[in-house]
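> The residues making up each chain are set out below.
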Amino acid sequence: MRAMGGRWRRESVFYLFALPFAALTIVFGLWPIALSIQVSFTGSATALRAVPSYVGWANYATVLADPLFLASLWRTLLYAGLSVLANLGFALGFALLLNTAFIGRMRGAYKLAVFLPVVTPDVAGYVVWRWLYDQSFGAVNAALKLLGLPAFGGLAAPATAMLAVLLAELWHHAGFYMVIFLANLAVVDRALEEAADIDGARAWQKLWFVVLPQLRPAIVINLVYALIQFLKTFTVVITMTKGGPNGATNFLSYYAYQFFDEARYGEATAMATVLFAIVLLIAGTVYALGERGRT
Amino acid sequence: MRLFLRRQALAIGAALLLGGGAASAQQLTVWHDLGDNGSKWFGAMADAFAKTHPGVTVRPTNYPTDQWFGRSIAALNTDTAPDLIFNNYERVIRVAAQTGKVMDLKPVLASVADKGFLGEDDLRVATYDGRMIILPVQRVQMGMGVRKSWLDRVGEKFPETWEDAKRVAVKFSTQHPDGDPNGTTFGFGLEAAKPRDLIHMLDLFVFGAGLKHTLIDPVGNIVIDEPKHALVLEEFLKTYTSYKVVAPDTINYSFNEMYQVIEGGKAGIFRVGDWNVGKWDTQAIKGDFLVGAWPRFFPELQNGVVIGGMRGVAVPENAPNKALAIEFAKFMLTQEAQQLSLSIMGAAVRKDLDVSALSPRQQFFAKPAGALYAYDFPESVILYYPELEAAFHRKLLDAIAKPPADWKAFIAQLAGEMRELSKQMAAKKG
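Residue numbers (the numbering used here), protein chains in the order written: chain A, 23 to 317; chain B, 166 to 595.
Honestly, the hints are just simulated from the structure, not real lab data.
Relax, there's no trap hidden among the hints.
Derived contacts from chain B toward chain A, CB cut-off under 8 Å, selection only:
1) PHE234
2) GLY235
3) ILE238
4) ALA239
5) ASN242
6) THR349
7) ALA358
8) ALA412
9) ASP414
10) ILE416
11) ASP563
12) ALA566
Quantities reported herein were computed from a predicted structural model and do not represent experimental measurements.
In this text, a Cβ means the ideal position worked out from N, Cα and C, and glycines have one as well.
Using the sequences and the hints given, assemble the complete structure.
Written as structure tokens, this is what we have:
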């Protein structure tokens, strides 16, 4: 009985300290999400009134019957998939390179070069990228011309706009994923690599069978974070393309934003809720798979 | 003690009196998207209004257009409306349609004695769904602007016909009219990104040429493949593509990017609205431009300046100071307020105003000498027009991104598709 009392006291202290953060999470994290989901079941005209009129699943039916929404959803999934591959591939490759003796004393400078864009204000960075891609005075095409290569359509051509946006985001985000990989590489067991060397393993075998399995925590965290990031891509779109040209970069977050802009809150929050569910489902599945593999 | 009590009573009495005085002071709030100039105009009108309404002040709040929509709609729907909202007719339509809380101003206008200057067209572009949603305050006029120094450098005059305009535009794009041999310049500064951006530009070409409708007539007939319309549309699309007279990134340009190209000295021919002239006379272009009508496409049709609509004041049903707001709205039609509108904003609806202090470019709009063609505002009669226009915009952007080999065939096919879509939408909307 006395032992239980002591435990309760210890736990109550823990809960007392956790309470402010739990309250903040509920007020600023969960409550807005719940409110947004609630608005998705109301008519837009009454959504913000004290007593809104509820329309059931009508907003979801409207949204899911909208071919532009479905096209935007597909485009978002494609973009997120490609961006995750590109960012994690680049970040992992660069982290492995930085982890070798080959780089030498320039390691710090390279790390800084890749990480600096992460701390650069994103809008400022994307405005510069827009200028780089400009078809009349942009540096990208000037460089290609100098090399005798064909011009890059950049943001002006529907066929290349998604790639142009992806490259700009790669520049901005890859450094963050690289730092996570580097942190994990710092605690990799070198003895296992030495053992593999003694066993005559080739470089790719060491990478595949020894290093990468030890990088699983970083891969899972980066994968989940990158999926969430790129499924919700927004700033780059509003800064560089406004969803264009002709919808080529009209990803789900921006498409929903356009509805918000027109005060069509019901449909906009229905779209946001669908996106939220997709993000939760995909990120949760990836995380669960990663955790299961670890055990 | 008695003296103390008397003093206390006096102090309380004075405070009550002052409090009573303060209660009679009222502040009207007005939301607009006219920038700092607009706030300056409302400030000047407030001073004039206060002469007959002592203690009344006006607090104008300027929002970027996109935010103005969202905020106005949300505020009217949540009973947190301002006293007045000011914007273009078609924008107030959207607020009225999504809230149902914009007051019918017909009885208000009926009570105004001095209103003979408002014509039938002015009243038509103030009425939506049988209700007068704005009191018309400023006609929105748009013509064509051309950089004067550039014309001089390439040895041309202000283009009168479309053929002239094309020739000048090509010279502007190829002959470095800004004097920088390494610089890049363009014939036209246009926009295309959002549906309203591109169709608004097409409206200028169509109405400026003297035609009456851009996509659909009030009965619901698609007009884009009628011979004259088809020709203008083809030239319009070629301007964005094969003529190579616009910035290659124009497909992603909205208002901001278009203005950057114009004001940044990259484009030689551009749209000039009456609201642009005041700023461009002194800043950015610094008066280095000529203003005229949009160029003539057809010898038998008079070209002209386009009346792109009407800016007006609306009163929300749930305005906190509704009676006073109505008084202020009526005041905006008086000669004094209209003169301020013309002097500060470069636009008004009255014709009995003094224009002598205006620059020649402002006078071009204030005292129009040529033909004036008004938009038809299909959204006021065709309920599904915004959706139809959005689909039309997508098709046009497709064509601009991947120009077809045969524009005539493209327009004919597009007309067929628009007819089919229009039929479907009409059936759906009942």
